[in-house]
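Visitor: Produce the entire structure from the sequences given, and follow the hints as far as they go.
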Amino acid sequence: MDETLSTLEYATRARSIQTRPELNARTTRTALLSEYIAENLRLREDLKVTRSRNGVYLSPEQMQKMDQDYANAVTEKDKIKAQYDLAKSENQSVQEQLEQNSAVLARKEEEARAAKAEVERLRKLNSNLQSDLDEAVERRKEAEEQRRSYQRNGQTLNHVAEGFKGLMKQGVEELDQLHNVIEKGVADAKVNCDLIDRMGTAIQESMTTIGAQTRTFKAAQDQFATDLVSMLQRTWTEQEKAGKVALTELLGEMDELRDKLLGIAHQQGEIRDDGARIAAELTSIKKAITQASKKRHHELKASIESILTGVSSQLQEFDRETTSSVVNATQIAEEMSKDVASLVDGAKDQLSTFQTQVIARIQEERRMLDVERTQLNEVRAQERMRAKAAHDAFVANLQQAAQHYTQASLESYERLAAETETSLANRDDMLKQTEQHQEAFVQPLQQQLAAMGDCGGGSMEQVLTSLQTVESNSAKLNSGVDQVFQDFRARTLEPSDRQVAADCKQMEAEITNTADFAVRTATSSAKALTELALEMQTDIETIRVYGKSSLSTATDAIKELTDSVSKQTRSQSNDCIQYAHDWDTRSRSLLAETTKLSAARTHAQGIPVRRKYLFPETWETIPQVSPTSQFPNYTFSVQGLPQPPAAGPSLSTPRATGGWDGEFLVPALPVTPRRRAGRKTGVGLTPSAF
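Start counting the sequence shown at 493; every next residue gets the next number (my numbering).
In short, the hints are calculated from the structure, not lab data.
List of simulated lysine to any residue pairs, SDA-like, C-alpha gap at most 20 Å:
hint : residue 1 : residue 2
1    : 1019      : 1030
2    : 600       : 587
3    : 830       : 726
4    : 1059      : 719
5    : 830       : 1067
Cβ-Cβ distance ranges computed for the label pairs, FRET-style:
hint : residue 1 : residue 2 : range
6    : 877       : 1008      : 33 to 39 Å
7    : 589       : 621       : 43 to 49 Å
8    : 569       : 505       : 52 to 58 Å
9    : 1070      : 701       : 37 to 43 Å
10   : 566       : 503       : 55 to 61 Å
Every residue, glycine too, gets a C-beta built ideally from N, C-alpha and C.
Guide: Rendered as structure tokens:
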């Protein structure tokens, strides 16, 4: 028992073992056991020390490791502090450098703002000058265009440009007087812009009128299409109603016919029952059965013939009614097609009337466009005359400005020459004063030398001393004179010479720049005038082409609209005619199908049963069959009466009751399955039983 329990415990522990995969696992049992033992001992020591009063126990290795970690941490802290100090110093230096750079940057920004302001001022000045120049160029372009428009002597555009360039070169120094001319050019440009705006407004109004007419026409077309569709829908609805009524009547007649046929079937069932009763009576009395069978045979034949005659007459009446209904539907379809044709003719008349109105409107628009073109040509001629007058005034002002500028330049040169002569006269006066001072200074020395020569008895040393004194005084005088002359030259002559040279250079530079600017302006003006002339010619051609294209576009749009309306009307009329033909074809097909159905119902060989069996139209003679072939399971006696077999009739032979006397047959009714399309399998009775 104990062994069994221990075995079960061991098995339970073995089943409870859950092995888990381990990366680089130590698979040796000894190593794992030694690690577990060492860990257990260490934990025991720690637990023992923890429970004692001295606190936590740390082994020497652990304490050494903690000291080493602390030392490493202190070292790392010192390194980090040193790095922090270094970074702080670098940051401070960078901050100082940044402040310096900020100051420099602020100064540079201030200089940049000043330079930018100066550049902006110069740019504005340049833009103003450029705008003035552009306006002058525009004005000159207009003048060039006007001049080109009035040249009829066969000169080319290049000759005209060269002529204007020559005029511009002749008036190269009149740039200060262009403002008035530019204002006149701006006024003329405004007049031209107003003219173009008026023309654009007129064109826009024309396009708006055409668009309104197009929308009106489209609305009329939509209304016509809506009326036509509604009429067709009404016609279709009436036709559908008429067809439904005819179909309802037809179905009602068919139901009545089925009811009658059902009555006939019931009558035939009653006849069969009577025949069965007669056959039962024939089993008792042969003579009575023979007489009754003959009489009943003739009566049954007469009754069946009368019934079939009535059915045939009813079917003929039904065919006549169906034919009359189809004829009426055909007449209605023909009348509808006539109405549709009349509607199509009316739509065509309306379309032709609308086309006439559109053509008249287009002609009116063309006449208005011709009138506007004439007015535009008149305004253009007036503008050309005004531009020519402005050009003449511009040339006169240019010549006047050139003369004024030349006179001002001569006056400035005369003022400069007068100032130069004044400075030269001052220099001569100073030289004369210097010579007078030198003579006044030398004269006492000469007097002393003369006195010494007169004396003649002085000692040599005195003479030498006097000579040295005179020489030193003379040197001082010469140095003083040189210093005075150099000071005068530095203070007066050199600045005056530099000023004169600078004024001359500035004057030459201004003259050169003015000449270059005038030449460039004249060249660019001539080029701009040429381009403006070409652009104006292109604009005129563009306006002409745009007017033609707008008119042609409107004409094409109206034509396409009328064509689309006519096509839609034709297609709708064709659809109506096709619908009438389809209705006629459908009516005829319905008539044919009805005829076929009636023929099938009258000529098929079957017994009438509601919705399941066909019926014969008429029987000229009752079909005769052999009793042995009809009743193989029966035997006949000498009297001709069938006797049931010993084993009895087969269960598979349905309704196998009947008799035979050699003349009359009370048939068994064999049941044959028949399948009709779309209906369940029913039971059909064939006439082979009779």
